[in-house]
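So the sequences go chain by chain: A and B. Note that the first sequence covers residues 1 to 437 in full-length UniProt numbering. Note that the second sequence covers residues 1 to 437 in full-length UniProt numbering.
Quick caveat, the hints were computed from the structure, so don't treat them as lab data. Treat the hints loosely; a few may be bogus.
One copy or two, it doesn't matter: identical chains are merged, so the pair holds either way.
Derived lysine to aspartate or glutamate pairs resembling EDC-like cross-links, with alpha carbons at most 20 angstroms apart [claimed, not checked]:
#, residue 1, residue 2
1, Lys363, Asp409
2, Lys273, Asp360
3, Lys380, Glu346
4, Lys363, Asp204
5, Lys380, Glu220
6, Lys380, Asp360
2 protein chains.
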Amino acid sequence: MTDRKLPATLRFMLAARRSELLGLEDLTRTCELVTQVSRLVHALQKERGYSNIYLSGTGPHHLQKLDSLSLEVDRLEREVRESLECMDLESIHSADKTRLFSRIAYALYSLDELPALRRAVREQRISMQEATTTLVRLIGGLLSVVFEAADTAADPDITRALVALFNFMQGKELAGQERALGVAGFASGYFDSERLERMQQLMDAQERCFATFSRFAENEALDRWHALCQGEISQQVAQLREVAQRTRDDSRVDTSLCELWFELQTQRVDEMKEVEAQLEWDLLEHCRRSMERINADLHNHRPLLDRLSHMHAAAENAMLFSIQAREMDAPPEDGMTGSVERSTLELLQLQTQRLQRVNDELKEARQALNERKLIERAKKLLMDQYGLSESDAHSRLRQAAMDQGIRMDELAQRLLANAANDKPPRQGQSRPRARRG
Amino acid sequence: MTDRKLPATLRFMLAARRSELLGLEDLTRTCELVTQVSRLVHALQKERGYSNIYLSGTGPHHLQKLDSLSLEVDRLEREVRESLECMDLESIHSADKTRLFSRIAYALYSLDELPALRRAVREQRISMQEATTTLVRLIGGLLSVVFEAADTAADPDITRALVALFNFMQGKELAGQERALGVAGFASGYFDSERLERMQQLMDAQERCFATFSRFAENEALDRWHALCQGEISQQVAQLREVAQRTRDDSRVDTSLCELWFELQTQRVDEMKEVEAQLEWDLLEHCRRSMERINADLHNHRPLLDRLSHMHAAAENAMLFSIQAREMDAPPEDGMTGSVERSTLELLQLQTQRLQRVNDELKEARQALNERKLIERAKKLLMDQYGLSESDAHSRLRQAAMDQGIRMDELAQRLLANAANDKPPRQGQSRPRARRG
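Given only the sequences and the hints, what does the whole structure look like? Please build it.
Printed below as a string of structure tokens:
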């Protein structure tokens, strides 16, 4: 029986299920892309690290390693590009892809800068800071693809897994930035107050990311993460952080600590990659399980719908012969119409309840993403309004939140709300008035 | 040039725009359906009104009118069903249709009850209250289609128009329920305390709906609404409400007031329909304007992308002949690569900013829907937990919110959060642990 011949009610019930399945298939493809992006980000972080140590002048012998890392990035970039190439964009009818596709476009745009950057690094025609800035922006573009995937996913378990992965990736990226900062500091023999403040910010921000990751990750990943935090490498990194904090212009340390710091932080980031690999595995496993569940549902659902549909047809026939049939206040004599209606209604109610539950569960995970968006946008606002650096904007936001005894995201929300109220209305569009007197 | 040959960045930029356009086309179709649903709801409300007056025994002469109203409902129902039939569900690849389709399925399911209900009314085999309950449920199912359309729309102006329309429809529906309640009350000569309390609730709830409508509607609709509120009919309805409130078992009024009440309330609801027609017009007008805007954007965008794409290709060629090209720290000699990159980046940034603005504007309108969802679900919770009627659940929620000096939706949120915390975790799924020590 084709769908067209089903009664309209059943046709829409089935279409709702099919829409759910298509959404999940699409989400699964996005998650596969996300795991590829995560591997590319890791390789880029490594290339950034070795670019910095090479530019610091303390490790000219790292050039060969740097070259092989660039090749690894190229290989992973090709993988991502091939996956993107396989997406048949012409046939995608889904209306909610706008933001994800825009993020991908931006990430691709940034990746195009890579060859020129590499030449500049090899020829030492670029400062460590410039190289870092470019790669931070590039990696940021890739992270925003993961963020958007998490923010538009409609399956609660998969969304939780994406939120855990995104926050872990972000924490790891901040660890990579801390590594770069430390290389610059140790290479010059001491850390000035600006670098020390920035380092503290990076440590705080890492802590926040890993706290959110811990709320949403599952046991295996958490176990690995706790083992890493309690391991020797982490202890040694903590010791070197203290060394860094004690340095002054007139109390310098041996620049050879630069290599040690770099080695330790690189090992730490590499260990993080193993947690990340677990998170990637968890993510794809959730996709697989959700797909299995929905397929099983559809499998059970379809025969039920078919049976219901036959019963509907039979009931309609029966009615032709009985003007008494389908009365509201008396069960029909053959009991059939009543049972068809009950079964249909039960199915509908189950579906509605399930969708409601899905929505509730999504809300919690999305909230975590929203907090992060608010803080980023409030920072941006402060940077634009007062010409602050990102670091200064962050400090100011953090201090003001502490002063007022509220969370940073609450303060961010207030700032943004105030800014929105001060703004003139958009032009070229009629805006509804506020309630009139 | 086909998309496939565009550089990947531009291909995804274009895909993002196309996805936006498809979303809007789809939303426009949904809005057209919504206006048909709104007209069907109005006709059903009218049929409910005349069914009640017929069942009240005071208006047997209304049978002919009732029959013609049933025919009108049939005609509008056919229109809705034909629109639904035209939706080619097989080819809809959009993943976010699950909830809307489920709502439509439920509405269709409820509409199937109509023929049996009508027979029962004509044969006077059903009480006024039963008939009202069935039709309230049926209309509720149709309203939830409008709610879902508003909740999933991704265009801020259209969402605002849908929120205004939904709240107005809901307010009008409550006015229709008040009409039914009044018919029952006046037909029996007086209002017992239960009916009076219910009447007060219906009046309060209407006020809330119309307040939300006023926040989101535009000038023309608001002007009509204010004229209606200050008009003679509204004054007379207010007077009859006062009469109702003064009745007692031992101080009855003439049952002929039943007809007067019914006439006045019917005129009031018919006038509301004119405001609703304006809201429908505003809604479709917003669809038309957004469509025009996005088509103009695409029209301007496409040649720009083509030009960019040619420039990208030319720049790549140029690079083959110059190892100096695409350096980060010096502008390329022909200035082309630089300008290609700037144009691409500007386009990307414009797109990102626009999407951000869209998101902010959506948030406000969705908030209004969310408040309503919270209250409805908290009521449902109280009904299930304490076996309360809907009316009692509503009173209790309202009283508790007043006692605690908070808004009803805040209280509802707390109740639901508490209930969720008390619930055991779902089975058959691994749930992430809370953060570990």
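Which of the listed hints are not met by the structure?
Failing hints, ascending: 2, 4, 5.
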